[in-house]
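**Q** Protein sequence lines, in the order shown, are assigned to chains A and B. According to our numbering, the first sequence is numbered sequentially starting from 12. According to our numbering, the second sequence is numbered sequentially starting from 64.
So the derived list for chain B, only partly shown, Cβ under 7 Å to chain A, looks like this:
#, residue
1, Gln265
2, Val328
3, Trp333
4, His369
5, Glu373
6, Arg381
7, Leu383
8, Ser389
9, Thr392
10, Cys505
These are calculated hints, taken from the structure and not from any lab test. Predicted, not measured: the structure shown is a model, and the values here were computed from it. Note that the Cβ used here is the ideal one computed from N, Cα and C, for glycine as well.
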Amino acid sequence: MVKKQKLTRRELLKSSALAAGTLALTGAVVPLAEARGSDTIRVGVIGCGGRGSGATHDCMNSSKGVEIVALADAFGDRLQGLKKEFKVPNNRCFVGLDAYKKVLALDDVNLVILATPPGFRPKQFAAAIDSGKNVFMEKPVATCPAGIKMIIEVSQKAKEKGLAVVAGTQRRHEPKYVETMKRIHDGAIGDIVSAQCYWNMGELWVNRRQPNQSDIEWQIRNWLYFTWLSGDHICEQHVHNIDVINWAFNNLPEQVHGLGGRQYRTGPEYGNIFDHFGVEFFYPNDVRTISMCRQIKGTTDNVSERVVGTKGSSDCCGAIDGENPWRYEGPNPNPYVVEHTDLIKSIRSGEPLNEGQRIAESTLCAIMGRESAYSRQQFNRSWFMNRCTLDLLPPDDLKLSDSKPVPPFAIPGKYELPGLVQGARRRRG
Amino acid sequence: MTASDKDKSKPKKIAAAGAAVLAGSVSHVVHAQGSGKIKVGLLGCGGRGNGALRQNMQADPGIEVIALADLFESQVRSTRDRLLRDDKFKDRVKIDDDHLFWGFDCHEKIAQCEADLLLMATAPAFRSRQLMAAIKAGKHVFTEKPVATDVAGCRQIMEASKLAKEKGLAIVCGTQRRHEFNRVELMKRIHDGQIGELVGGQCYWYGSGIWYRGAREGMSELEWQCHNWYHFTWLSGDQICEQHIHNIDVMNWCFNGPPAKFTAVGGRAWRSYIDSQINSAKEVCRKYNNGSEEGWEKYNGNIWDHIFAEFEYPNGARCLSFSGHSPGTQRYDEKIVGTKGTSDCNSSIFGENPWKFDGEHVNGMDQEHIDLVKSIRSGNVLNEGQRIAESTLTAIGARIAAYTGRTFNWSWLLNASKQDLVPKQEEMKPGPGTFRGIATGCDQLV
Numbered sequence: 012m013v014k015k016q017k018l019t020r021r022e023l024l025k026s027s028a029l030a031a032g033t034l035a036l037t038g039a040v041v042p043l044a045e046a047r048g049s050d051t052i053r054v055g056v057i058g059c060g061g062r063g064s065g066a067t068h069d070c071m072n073s074s075k076g077v078e079i080v081a082l083a084d085a086f087g088d089r090l091q092g093l094k095k096e097f098k099v100p101n102n103r104c105f106v107g108l109d110a111y112k113k114v115l116a117l118d119d120v121n122l123v124i125l126a127t128p129p130g131f132r133p134k135q136f137a138a139a140i141d142s143g144k145n146v147f148m149e150k151p152v153a154t155c156p157a158g159i160k161m162i163i164e165v166s167q168k169a170k171e172k173g174l175a176v177v178a179g180t181q182r183r184h185e186p187k188y189v190e191t192m193k194r195i196h197d198g199a200i201g202d203i204v205s206a207q208c209y210w211n212m213g214e215l216w217v218n219r220r221q222p223n224q225s226d227i228e229w230q231i232r233n234w235l236y237f238t239w240l241s242g243d244h245i246c247e248q249h250v251h252n253i254d255v256i257n258w259a260f261n262n263l264p265e266q267v268h269g270l271g272g273r274q275y276r277t278g279p280e281y282g283n284i285f286d287h288f289g290v291e292f293f294y295p296n297d298v299r300t301i302s303m304c305r306q307i308k309g310t311t312d313n314v315s316e317r318v319v320g321t322k323g324s325s326d327c328c329g330a331i332d333g334e335n336p337w338r339y340e341g342p343n344p345n346p347y348v349v350e351h352t353d354l355i356k357s358i359r360s361g362e363p364l365n366e367g368q369r370i371a372e373s374t375l376c377a378i379m380g381r382e383s384a385y386s387r388q389q390f391n392r393s394w395f396m397n398r399c400t401l402d403l404l405p406p407d408d409l410k411l412s413d414s415k416p417v418p419p420f421a422i423p424g425k426y427e428l429p430g431l432v433q434g435a436r437r438r439r440g
Numbered sequence: 064m065t066a067s068d069k070d071k072s073k074p075k076k077i078a079a080a081g082a083a084v085l086a087g088s089v090s091h092v093v094h095a096q097g098s099g100k101i102k103v104g105l106l107g108c109g110g111r112g113n114g115a116l117r118q119n120m121q122a123d124p125g126i127e128v129i130a131l132a133d134l135f136e137s138q139v140r141s142t143r144d145r146l147l148r149d150d151k152f153k154d155r156v157k158i159d160d161d162h163l164f165w166g167f168d169c170h171e172k173i174a175q176c177e178a179d180l181l182l183m184a185t186a187p188a189f190r191s192r193q194l195m196a197a198i199k200a201g202k203h204v205f206t207e208k209p210v211a212t213d214v215a216g217c218r219q220i221m222e223a224s225k226l227a228k229e230k231g232l233a234i235v236c237g238t239q240r241r242h243e244f245n246r247v248e249l250m251k252r253i254h255d256g257q258i259g260e261l262v263g264g265q266c267y268w269y270g271s272g273i274w275y276r277g278a279r280e281g282m283s284e285l286e287w288q289c290h291n292w293y294h295f296t297w298l299s300g301d302q303i304c305e306q307h308i309h310n311i312d313v314m315n316w317c318f319n320g321p322p323a324k325f326t327a328v329g330g331r332a333w334r335s336y337i338d339s340q341i342n343s344a345k346e347v348c349r350k351y352n353n354g355s356e357e358g359w360e361k362y363n364g365n366i367w368d369h370i371f372a373e374f375e376y377p378n379g380a381r382c383l384s385f386s387g388h389s390p391g392t393q394r395y396d397e398k399i400v401g402t403k404g405t406s407d408c409n410s411s412i413f414g415e416n417p418w419k420f421d422g423e424h425v426n427g428m429d430q431e432h433i434d435l436v437k438s439i440r441s442g443n444v445l446n447e448g449q450r451i452a453e454s455t456l457t458a459i460g461a462r463i464a465a466y467t468g469r470t471f472n473w474s475w476l477l478n479a480s481k482q483d484l485v486p487k488q489e490e491m492k493p494g495p496g497t498f499r500g501i502a503t504g505c506d507q508l509v
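Start from the sequences and build out the full structure, keeping to the hints where you can.
**A** What follows is the structure in structure tokens.
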């Protein structure tokens, strides 16, 4: 019933001389070689806030032989917790917007955790791969198509260099999801004809602007609420669920049409992001799916996914109903830890995981949903990737003291989707 | 209608008349049966009302219009003038001066005249009390959609429909897709299982915008709101109710009933930022606010410009409802998905049992009147009241889910919701309007 094709192939490769040959040919670099076997994984953490700290602990708990050896953050105060806990010496703790470069320059670091705000990810990822580091990067991995292109390109480079790239979409490492998806891909629910995913919740933290804070310092400290930094909440959170639907289809949507707005969270402390999105994704064969996300206090919570096929339906995480009913009854390890276990295992085995392209694609879908909602235009993915010129990447010389007025939130009719020629992209499936 | 059609309806008349008498029907119902004259009154003399009246008169040569009613005297008079100038219909316009009714109680007056059939096309807020008054007075009814703007109104429609059934009175509603031959034939096939079990669906009414009407001389604030009714939830039910109900009704048709569960998001961005509308709102504000623009926002209305809703039907199928107004991509259709195929809900089935309608295409807005009048003449009256109340309540349910951010089920909505937005009839008099703020997305669920 369960296809083990991939695993079998991997096991075969592992013991074969062919695999070693392939790696040699692609010129696997020194850090990878060092990290192999039971060698110590020496981790540099770039972005030491809540998520970075969480990922650091998960990484430490995932495997033996892991050390936290260097830290970077834009702000000294955000770095103190990990510094104390892991006794990282002063000369290996770096502060500032270019602190990540200093961690990447340390030769002994062979894995970096990238957990700064997503807007910084593409350039930091590129620098990490350039420096020959294996990468664990939090989701989402970009906030604009320019960033997505960069991630895809650099992931390819990582592959050539034999470097591991794992992304923080932990559902991909969660056994109940993995086992369910195997069955869905084996046809347990037939052809997928409908799907839904949700991230409906209340509110998250907000950091109000303090006196004497520059635009950039405040925006980075309050990064959730600025599209250039977080990608908006559809990208920052809901990418998890969108990624699951892509996984179920083993494919990407061809078109998107979204709605959204800023109805409740209207104060300046909430920057320029929306508080709700409703997006329709069109997968091949005109299979239309619902994506809904909301961050409004006092509303009904729902974080889940569902796929419907010609022979049944599934919650994507342990239950299949219909002609082939099934329930997952295996263990439920902490997926935030498992993703690091899998990453480190893959580095040590010499068969590095590379999730770069995949997470770039799921992030892209979330960004498409956002831009469609901002403009209320329906468009094709190919148009968005090839013709949309939206570029929110921070400039290389960005300084904490810089001023950067908050762009207005998107109003349909006033918001311009860069590269859009009126009437050019409307096509029904 | 041909002469032979009329002849066919005659034998039925006798049997039907007997049944009507037993059911305690009043005298003019009997009059309307058979091939005699059908006296029609129009309630709501705006664009849609004038259109519906012509479509109705076109449906049967025996129809005469005898009464007009509207909130505004000018509308009633101009409608009669236009009818009398219309070569096609002027011979069947028999409206005496004492059959012109206006004011907030005009529906009560027109219900008491000798019309057999009332056409209702005022702002939706008043429909439920109008329908109740008409049915109590023994009138057949054609009503435009939607039939209410709140839950209380939907319940009143359901009550009135029940009463209509007891009295043998017709209720046909302006969801014209239900009368299009292509869709009727298609739905038979969907209900026969040609696309298998229904597991998904989508429906859309996303348009570019709507008129905004300023205040005319002499209008009180309340009268102006009724004139500019689209922009106030209590009057129009919001766009999802006023327009998108057509597509929602098609979804309910596919599933043979309303959804079991509602979830939605939505909001208002564009309407609050259109310069033309803002300027108009400021102008109206100055009129009612001693020349000041302070507080102009309330004159900009409170309806939203987008709602994205999910309907979960009793079999578990989750369907999308996508509605609103703004610049951007426009869409106005439906799709239904089954385990064996899909359909455009219009004239085609794709999948295991492909099919395409190749019969006669009719204009549903004409056909609904033909079907209505035929049913009255035959004595075997159509009653679409319960169904349109359910579809209206479906749209209202999605709106409430969006305004509140809360998920709830149909039985709560139908039985427990206390939502009642329309002022009582005795409160309807020239004066200040009913202003509520713009929904926040986490309004209290009532």
